[in-house]
Amino acid sequence: MRIAILSANPNLYSTQRLLEAACERGHEGVVVNHLNCQVMIEGGKPSVLYEGHELDPFDAIVPRIGASVTDYGCAIVRQFEMMKVFTTAKSQAISRSRNKLRSLQVLSKAGVGLPKTVFANHPKNGNVTQLIELVGGPPVVIKLLEGTQGIGVVLAETTKAAKSTIEAFYGLKKHVLVQEFVAEAKGSDIRALVVGGRVVGAMKRQGLEGEFRSNIHRGGNAVAIQLTPDEEQTAIEAARALGLKVAGVDMLPSDRGPLVLEVNSSPGLEGIEKATGVDVAAEIITYIEEKIRADEGDMVGV
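Residue numbers (this note's numbering): 1 to 302.
Quick caveat, the hints were computed from the structure, so don't treat them as lab data.
Some clues are possibly wrong.
Cβ-Cβ distance ranges computed for the label pairs, FRET-style [said to hold, decoys possible]:
id, residue 1, residue 2, range
1, 243, 52, 45 to 51 angstroms
2, 174, 2, 40 to 46 angstroms
3, 43, 172, 32 to 38 angstroms
4, 44, 66, 29 to 35 angstroms
5, 102, 28, 33 to 39 angstroms
6, 44, 130, 51 to 57 angstroms
7, 229, 71, 35 to 41 angstroms
8, 159, 121, 16 to 22 angstroms
9, 68, 111, 29 to 35 angstroms
10, 40, 68, 21 to 27 angstroms
11, 168, 52, 40 to 46 angstroms
12, 33, 277, 28 to 34 angstroms
13, 28, 136, 52 to 58 angstroms
14, 168, 81, 38 to 44 angstroms
Derived pair list, reagent style DSSO-like, types lysine-lysine, alpha-carbon separation capped at 30 angstroms [stated by the list, open to error]:
id, residue 1, residue 2
15, 84, 291
16, 204, 186
17, 116, 45
18, 90, 174
19, 90, 109
20, 173, 163
21, 186, 174
22, 274, 90
23, 45, 291
24, 291, 186
25, 109, 291
26, 186, 90
27, 163, 116
Don't be surprised by glycine CBs; every beta carbon is placed ideally from N, CA and C.
Build the full structure now, drawing on both the sequences and the hints.
Take a look at the structure:
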């Protein structure tokens, strides 16, 4: 098979591992910078150009779309979908997962456990206090809708600090979510890597002392764990609800069960592979093989 890894940086760990895994399994792996792609739209013949030249056909793509270029990246993925190329993450699912509010709404409808969260248009002064009280009062977590890797996430210990933070974000024309602080998590969270409807690896991430964010990008550390049946089922349901076949599901352990914080459509592989020893890249390539084989079998039976 010919497999394209859509990535703006060919030197990233995740990109290199996917390329290696594809080649090790006898496929032709190609890194394609989606930012250098153009879409050609004409009746009945969609195509993707790369630096002005039409790309040779691919059997599958693995989108690794950065958060800052979601819209453009999704347009490229959508074009490949129109060309009947298999993708590990459809454009609509990527877009849905990148919008924190939209993804929480979808997960809520699916019955997935979530931290209590409120969102409102720019509230007047008195209403800010009401937002804070709706999630149980301080401390509260305030999140930018577009933040990634722990950036744009603030823990406000008091109502006064929360009001100041919310007002500052609104002053910058930014929309925020106000979320309950789950104290029993003690600065840790769980990342489960879901591939093709099953969890292939999981790790517990612990933030630095005094740091409530556990992201490895923020200096946290990670160890492999065995998920409880409830945690495993929650991760699978969260990925399914958002339509993602490959996803990193972040959960908080809580007294009322696992609570999903975020579902990442382009999860980094370095942390999970090093913590668990699982060859996640190979799991993704194997999933592609199985899906394409199944699709070919369906065509034969037509």
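Hint check, failures only: 1, 3, 17, 24, 26
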